[in-house]
Amino acid sequence: MAKKLDKVDVVVVGTGWAGGVVSAELSKAGYQVVALERGENRNTADYTGVKDELRFTNRYQMMQNLSHETITSRNTMDEEALPVRTRQEMMAGTDLGGGGVHWAGATYRFMPYDFEIYSKTVERYGKSKIPDGMTIQDWGITYDEFEKYYDRFEKTAGLSGEQDPIGAEHSSDYPTPPMKETPNLRLFKDAAKNLGYHPFQIPSSNLSERYENPDGQVINQCQYCSFCTRYGCDFGAKSDPVVTVIPAAKQTGNFELRTESYVRRVLHNDGKATGVMYVDTKTGEEFEQPADVVVLSAFTFTNNRLLLLSGIGEPYDPETRKGVIGRNFNGQFNITFLGARGFFDEKKFNLYMGAGALGATFSDLAGDNFDHSDLDFIHGGGVEIRQYGHGPIASNKVPKGTPKWGKEFKDKSIFYTNRNLVVWYTPAIMPWWHNYTDLDPTYKDDFNDPLLRITNKYTDQDRSIAKFGVKKCKKVMEEMGADIVDEDEVPYEFDHIYQGGHYAGGVIMGDDPDTSAVNNYLQMWDAENLFVVGGSAFPHFANRHPTATIGALGYRAAEGIDKYLKNGGGSLV
Amino acid sequence: MSDNHDGDNENGVNENNTETAPDESRRKFIKNTGMVAGGVVGGSLLGGFLTNQFQLGTETENDNTQTDNLQEARMFFSRKEDFDVLKAATEQIFPEDDNGPGAVELGVPYFIDKQLAGYWGVNAKAYMKNPFRQTKEAVDDYAKKDGDQDKQGPDSETQPPTPTPRYQTKLNRGDLFIAGLRKMNQVSKDKFDTKFTEAESEQQQEVMKMFENGDVKMRGVSSITFFNLLQSTTIEGVYADPVYGGNKNMQGWAMKEYPGPRMGFLQEIESEEFIKKEPKSLRDYQT
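The listed protein sequences correspond, in order, to chains A and B.
Using this note's numbering, the first residue of the first sequence is number 1, and each one after it goes up by one.
Using this note's numbering, the first residue of the second sequence is number 1001, and each one after it goes up by one.
Hint data in this document are derived by calculation from the structure and do not stem from the laboratory.
Please note: incorrect hints may appear among the correct ones.
Below 20 Å or equal to it, Euclidean Cα-Cα: the simulated PhoX-like pairs (lysine-lysine) are [said to hold, decoys possible]: (1) B:Lys-1209 / A:Lys-400; (2) B:Lys-1125 / A:Lys-282; (3) A:Lys-475 / A:Lys-400; (4) A:Lys-444 / B:Lys-1276; (5) B:Lys-1209 / A:Lys-347.
Residues from chain A shown here face chain B by an in silico Cβ test under 10 Å; the list is partial [to be verified]: (6) Glu-69; (7) Phe-227; (8) Phe-235.
Ideal Cβ placement from N, Cα and C applies to all residues, glycine included.
All chains, please: the whole structure from these sequences, using the hints.
Shown next, in the form of structure tokens:
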């Protein structure tokens, strides 16, 4: 029997950027907020002095323990889905701050084109440009309307960057200057300029200088130590929820954090959420937490699964193409971030130094910045070079044709350790009627609840955009002067490896209840006091990294929840 | 190959090797940078230039070596024969050469033994619930079309360049190693009429390639899954922090001029020149 707790104003499920922002804003506004996190409590001390590649990169210390729960995966509806069993095949964060702690820190905005992708594509090329079965749609809000939330998030994170020379307007400059430029980034920028592109430094949440944000939280200066992606920061120099929005919420006195609290259901009655049911993972005790507003701000998978398990919203049915929960699943998998690797016989770079978002890029081949009339795909990608700082286990790149082991592998992998660079393309991923989430009929979690099932396959759009990007990256790498330039191969089909952490959709935003689950305040059409915030709201995956948009959605949702509570209920649109 | 570098490795310096430096640009680099940086250099390539410094370096680390050796006993593998096959196989994957020591001298077999004895070896954080489908589509076909992470997808810059098979076997990683190593020995006996450890180097490689290509039938798992695991774990043992029992005396890091965990490189990140640093380990960093 679940123990019923006292009602609060707002209960928040998940403490990554989305849940962190919502918690901070609503507790600052005076509401009583309880946040439930399935993972453990964490602070900077957990990440100090533990720079260990094997532990974090190869053994996935900060990723979800899959023994309790995972997802299943298949390509098409007529296949049997199989569970994604190991953390080598899955990258979903857990613990306080979620994926917001182990992220790299590349903090781009999406483009105006993204928010109105259907209208703008039809306007420029006509309806026939959109292939049958591609379910792109406008997001129900424009870039201009959304801009202030980006600006707010960037000030919270203290972003270090410079304006994209061909990008959309920002209402204010980045709070801190761009990260340092290294010889390999300069090489990339010079080559890009020679080819007529407009390179700039990647906007970074690894900060170029010490910064105090509007909430009074301090983020330190990045030391370029290289232990960044898949690590918590040693110095509190990477913006993450643990050093920003979580302490901002705590200092209000209106916020209570409960970790190791695994939410199993959203409770609801007569079209409204009444609270959540969760389990203390240390004791097994069940609790019911009633609230006036319920916020689901967990990872994409959990937001989808909790709605399906709780029976809220109409599940998407690919046969009829009706229903909304699970619709438009999308993400960047092994067909993205492909490009060209260059091997330099005479140049050597300090590749053991770096930071997660240290890099350069250009947007000339992104979104609809180039004419697609004669191309067999829509949208585009950023072209990027990064200097993460290579660990010695990861840095074993060898030219194509080299065996994977033995004498030749050893010799070349050592020789090229500090002599290889990669330039890659970050293509957008379009949604299709056949890519969706639902509940698996076979596999269960520790509580005997069904796992979330992902059905996802590639299309000609995906393969065409990837091939286009690889060719462009190859030209840049040749211009950079590499002695050997290897093109990445474009895979035909999705390989069920959930790498990179960029998976989204399933609870998408929009202006039509028939094709979206939430409105542009992230308020559910089918339950007005339930807000579902995060990557799960993306109707498609834009061609830049998702975090700034997730943080900005948090600010948008918080504004909506405040209005909702002040109005005493009702739809916000 | 042979097991002749089990014991006396204090000075893996072979002056003859200086004549076989594999290419001109590397030699040039060593002259320009390696000499100035000095310190402990794991590779025997530098022996001719740096014999004195190298030997000095090893002497100062004798205490560490002693401690390491006390930790070198089997805690996971019960049968010595299995462990001997592991030694031979890891040395084939990462052999001793002009660059420096091979897997055995670096302690890789003990690294693997320790890894398998812990939570990772029993797949404690993996989803291991039934049913385990061992269909052709899910296992063999999938493993064969699988790509390397160094050329495929978002993790390519931060993950080791090893194939990532879809893990659909009931066997945990410890089971997999034991089954795979015994099968390697059996295949060697069937094919060459000799134990794996006594086979010629080329014969060992041939057996390993059969596993890599999925040409060996294993019970409950594809041989490709086993081989990929063996390969990636070997590379991990070469380059993981010495705290785990491999990368002995940081010789793996020295070979690729990796400095180990440091506070940061704020003052050096813009340098046009490559900056070589003597490796330091996690123990240094934490104390």
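Structure versus earlier hints, numbers of those that do not hold, lowest first:
Numbers 4 and 5, in rising order.
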